[in-house]
Amino acid sequence: MTNPLTMKLEQFTRFEQEERERLNALMSYPTQSFAKGETIIEQGEKVTDVHLVLTGLAARSKTLADGSRQTLAFLVPGDLCDVEVFILEAMDHDIVAMAQTTCLLVPADVMEELLTQSSNITRAMWWSTMTDSAILREWIVDHGSRDARERIAHLFYEMLVRYRVVGETTDDSIPFPITQEELADATGMTPVHVNRILGQLRAEGLVEIRGKVLTILDPKRLREVAQYDPRYLHLIRTERRDGEVSSRAGDLVGASGHGIVHDALQKVTGKFGGS
Amino acid sequence: MPPFYFHLTDRFGAVPDPDPRELADLEVVRAQALKGARSIICEDVRDGRVDLTGRIDVYDGAGNLVLSLPFKEAVELVLEKDGAR
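Protein chains in written order, with our numbering: chain G, 1307 to 1581; chain W, 3 to 87.
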């Protein structure tokens, strides 16, 4: 099985064959499956293994005093539930399975060794951590400054890009195992309000939700509705990408000034076989 | 806990609720309907136009209507200084 973490990191990093093998070798560690709603890591727990989401969907969430939840992030395949989490004495939030989810459990010392032996992998992990923080910053902007429609449109577009990056989808459809109540917990809205916004987006021909699949019917218009600027995902480091690795989300994050320049650079360097 | 569907009808039309929520009793159902209606009214206020013609109809798992909450019952409007509605 391909390691979705390698899939993610290789979008921005040119790995040596040996580094790629080291990353893929992580797949020999044990996995654990969680049913929808099950807690993967509980607040207060001392974590000894680094959890990597292999399949399904997980969420970081806080439970409030009245029992309600606020979701702080979604974790798709290829996402780590914090690469340095073993440094902490106790988790400050829960990680919950939002669908049937499988995690790879990498022992902390293995992860530490990996981070100290290859600077390429270490840098890629830094990139990954920085991007996680950037996604969280967008979450804050969502709650503070975007209206309900923009917020949901922004989340959907971001999820499409992230699923594409790890090759979980190749078109404009993504797994959508979450209920409206769970989407409400993630957007700071009420479920009734989420329902109204989804109804509007459907009526406008922007999205379709069928079964557990969300299809973005018109990515270009949804991107406009969300006023989506993909720079926070730092997908710009494409110059680091191995020419053999395809840009899986290029069509979604291009068209901004930076994207065009980098795509052009990519073409030029590819043409002359440059590094 | 039993499932409840919160169907919404507003100026955009009827939006059925595809995901039932499991709630303890009708008191919680009413509180959730109020919260939902108020959140939608809030969003309208941001746009400068308050439309109170919508309503939320809550059905139980057997398809019985258990609550109909018109938006205008979800908020108290104070339009005069003496508190007259």
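Note that these hints are calculated values from the structure, not bench results.
No experiment lies behind these values; they were computed from the predicted model shown.
Any given hint could be a false lead.
What the hints assert, rightly or not - Here are the computed distance ranges between Cβ atoms for each label pair:
id, chain 1, residue 1, chain 2, residue 2, range
1, G, E1514, W, R13, 19 to 27 Å
2, W, A26, G, Q1349, 32 to 40 Å
3, G, W1432, W, L79, 50 to 58 Å
4, W, S70, G, K1342, 25 to 33 Å
5, G, Q1406, W, V30, 48 to 56 Å
6, G, K1352, W, E75, 46 to 54 Å
7, W, E75, G, Q1338, 54 to 62 Å
8, G, V1447, W, V30, 31 to 39 Å
9, W, L28, G, E1344, 28 to 36 Å
10, W, G65, G, T1476, 14 to 22 Å
What the hints assert, rightly or not - Only pairs whose alpha carbons sit at most 20 Å apart, straight line, appear in this in silico DMTMM-like list of lysine to aspartate or glutamate:
id, chain 1, residue 1, chain 2, residue 2
11, G, K1368, G, D1388
12, G, K1342, W, D84
13, W, K37, G, D1372
14, G, K1526, G, E1510
15, W, K37, G, D1388
16, G, K1368, G, E1395
Glycine included, each C-beta is placed from N, C-alpha and C at the ideal position.
Here is what the structure says about each hint:
no.	hint	result
1	G/E1514 - W/R13: 19 to 27 Å	holds, 22 Å
2	W/A26 - G/Q1349: 32 to 40 Å	violated, 24 Å
3	G/W1432 - W/L79: 50 to 58 Å	holds, 54 Å
4	W/S70 - G/K1342: 25 to 33 Å	holds, 32 Å
5	G/Q1406 - W/V30: 48 to 56 Å	violated, 28 Å
6	G/K1352 - W/E75: 46 to 54 Å	holds, 50 Å
7	W/E75 - G/Q1338: 54 to 62 Å	violated, 49 Å
8	G/V1447 - W/V30: 31 to 39 Å	holds, 32 Å
9	W/L28 - G/E1344: 28 to 36 Å	holds, 30 Å
10	W/G65 - G/T1476: 14 to 22 Å	violated, 40 Å
11	G/K1368 - G/D1388	holds, 16 Å
12	G/K1342 - W/D84	violated, 53 Å
13	W/K37 - G/D1372	holds, 15 Å
14	G/K1526 - G/E1510	holds, 13 Å
15	W/K37 - G/D1388	violated, 34 Å
16	G/K1368 - G/E1395	holds, 18 Å
In summary, the numbered hints that this structure violates are 2, 5, 7, 10, 12 and 15.
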